[in-house]
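Protein chains: 2
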Amino acid sequence: MRSIYYFCDMIQNDTIIALATPSGAGAIAVLRLSGKDAISRVSDCFKSVTDGKQLRDQKTHTIHLGHIEDANRVIDEVLVSVFKNPNSYTGENVVEISCHGSPYIQQEIIQLFLRKGCRMADAGEFTLRAFLNGKLDLSQAEAVADLIASDNEASHQIAMQQMRGGFSSEIAKLREELLNFASLIELELDFAEEDVEFADRTQFKTLIDRITFVLKRLIDSFAVGNVIKNGIPVAIVGEPNVGKSTLLNALLNEERAIVSEIAGTTRDTIEDEISIGGIGFRFIDTAGIRETQDVVESIGIKKTFEKIEQSQVTIYLFDAPSVLRTASPKGKQFEALKNEIWQIKNKYPQKPLLIIANKIDKLDDAQLASLQAAIPEVKPLSAKTGFGVEQLTNALLNLINTGALRNNETIVTNTRHYDALLKAFEEIQKVKHGLDSGLSSDLMAIDVREALYYFGLITGEVTNDDLLGNIFANFCIGK
Amino acid sequence: MRSIYYFCDMIQNDTIIALATPSGAGAIAVLRLSGKDAISRVSDCFKSVTDGKQLRDQKTHTIHLGHIEDANRVIDEVLVSVFKNPNSYTGENVVEISCHGSPYIQQEIIQLFLRKGCRMADAGEFTLRAFLNGKLDLSQAEAVADLIASDNEASHQIAMQQMRGGFSSEIAKLREELLNFASLIELELDFAEEDVEFADRTQFKTLIDRITFVLKRLIDSFAVGNVIKNGIPVAIVGEPNVGKSTLLNALLNEERAIVSEIAGTTRDTIEDEISIGGIGFRFIDTAGIRETQDVVESIGIKKTFEKIEQSQVTIYLFDAPSVLRTASPKGKQFEALKNEIWQIKNKYPQKPLLIIANKIDKLDDAQLASLQAAIPEVKPLSAKTGFGVEQLTNALLNLINTGALRNNETIVTNTRHYDALLKAFEEIQKVKHGLDSGLSSDLMAIDVREALYYFGLITGEVTNDDLLGNIFANFCIGK
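These protein sequence lines map, in sequence, to chains W and H. Converting from the first sequence to the working numbering requires adding 7 to each position, the first position being numbered 1. Converting from the second sequence to the working numbering requires adding 7 to each position, the first position being numbered 1.
Chain W with its partners taken away, still in its complex shape:
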């Protein structure tokens, strides 16, 4: 990757181009150019078929039908949208060319503008320019990538809230209050000899407590945010042929009917991650469950434990008729089952465990009653008929505390933000300690400045080239 220094120094003087829509053939494709000369560069290669005016003479936020021409050879009939600085995504002059969706045409148009002196945009460079031009702060820019990657209601909602500045404004509020006190403390330094206290220590303590509280809430929210962003890992464990894949399909049918109407949602994604009630659940190692002969008894409880360790929720699935057929509730196999469940509970007392008796369509009422008597928390289910599937999805949802989500509270999903918040928290703890122990203003000022620094890292008020490089390299090209 080109050095980020190059970005920040040169960026706003050249015109970048990239395909903004997914690659491949479609009805249309959109190519995006941004830079001081974007409009005049396109104007030189564009012939309007309506009013005959030069593109450079058109108003902002208008659309024009015409031809992209390369020395009188018509490459395509296109719609061109004009956005004038500063009223564009990047804050620069922007042109969007909506051409026919042939990869050949996309390539021809890009090559034309490369010859005319534009250059291919780097990953995330449009959003980087938006950030550098003050259209977005850093956490908002990061939310753009999260928004594009969001594949369920919860992750979409969090990214949307963050992109619209929800997270930034919460951080900004804390930062501003802290900054007020910081300036009072720094003022004290100027009058060090007079030993005055401009910053009321009691008020300052109250503020530090409030900041501590908010930081703690944000830091704690990361646990929720992280699983929402990445999907909640669920382990389905059990012997072969207890119906694991049938259960997965039943969950799929229940929840993914709508998604399948949209082309491009690949089977792979559906199979691995299922969106239930707007939350993504990632059924880990499901391919393994389906393909390998994963016998708990033979390979041992160890393999089961490995799976559970990678997950946040465990579904223990067993074949109810088979267990009842081969033994009475007091028989040997039944004891083995209870023993296994006990082992899991014993090893992972904090991890939610859902015990599911599958194939209960083959049981009579008496058998079901004896099963429930033996294992009170068992949930009866028939993956085949769909009985109990809804109860299972409700149980999964209840396990996830999404109270914050519903209350529109800020949830941290970004590891970088999380790290900065942890660091800010540490510094605030130092300030608190300093206050308690009557630390001198000059030393306390250092801790406060450090905390302010970490707040600034989140929103991008404090930044450096490596940081920007890391963030934007993860974007797709064209964004």
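Bear in mind the hints are in silico, worked out from the structure with no lab data behind them. Take these hints with a grain of salt, some might be off.
The list treats identical chains as one, so a pair stands whether inside a single copy or across any two.
[Unchecked claim] Straight-line Cα separation of at most 25 Å, DSS-like style, residue types lysine-lysine; simulated pairs:
1) 91 to 66
2) 60 to 142
3) 54 to 142
This structure is a prediction, so every number in the text was calculated from the model and none was measured.
For chain W, the structure is supplied; the task is to place chain H on it using the hints.
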């Protein structure tokens, strides 16, 4: 598929929606709505963040930043483009929503508008509406699909010319002249008893000759057009390990360097079809060539013949050092080689054959000279060093008569057009025969009308629901 009758009767009363950009995740995605109520439907769910005006009050060809909202839940921040009837692709009110490129968001917005009474567009329905509203004739509409599918300069140029009306205008010219004479002949029918001739038979004969000439040219162009559209099938035959896959890779490296800069050009496409000098060459059964032990000697010349039969050009490749090593130019293996080449030439005297001696980097000058003395037309090549590859690509290009392409002549690429032209040609021959044999006006009028009917089929002046159904079902959804 919904009955086409439904299309034509109901179509213009409802609002259709579809994803216009390729499916999958990208920086942005474009959703397109068309219909009488398209603007007001979007207006109801759109909140401007700039001027606060209702979308329905905005001018045509303007772009607006705002939120797509579902009962106060913000689905996305989007750009909305407004096109007012008749100044749009379909000729109806059209709205394009440019949203963040997350499949989840695309789905949410589509679902929202389906709930608001829009329906999913059928394949090609936007273009069908454009045709029904007189924005395009039928051959132009078909060219839209060809344009999107075009993957090299030649097919792109032909589709572009056809979309811009080049083909239609040629047909229309013939049709109009024929129509003039037809009306004169039909007029004669009204005066049948007086035995007058309004249509000058000599002039008519000249016209029929001209039409015959043009039709013949168009019909003949189909051979070129078809290979350009579908790629020119090339068989590479030869024993195993003579370097077929290395040759393919060398051709790839020579010509596809630019394409590989654009993401999404899949390896598969590159491997099977190579664009050389703007023409697509389809190396048939290349997977087979690479993977199977396709021994000409052992499986016999039959398999080689099968491959040649599917192709338009044959490349016969042999390992020069190996042939020279195992035998002198007069030896047994050399004779076998010459015999094989003779068999191919004998069976397919019309089919271009390129004889390539590979691995000549391992020969000395004397060996090369003896080879060229024995087989004068042999082309020396080294797939490994790249020597001779350019000569080969030039030879391939020379084989294809693209004079018509360079002269900007109309080339027929569409099987439906080809069939209609053949039928029109037959009818014109009947008219010619009638003229020669002094057929009565009423009988001749029938043949002329038939010819006119077939011209009309091409441009869509004559049409029926089945025809439209067949044509537009092959489009992608969203176009």
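Against the structure, the hints come out as follows:
no. : hint      : result
1   : 91 to 66  : both (8 Å within a copy, 18 Å between copies)
2   : 60 to 142 : between (30 Å within a copy, 23 Å between copies)
3   : 54 to 142 : between (31 Å within a copy, 20 Å between copies)
In the structure shown, no violation is registered for any of the earlier numbered hints.
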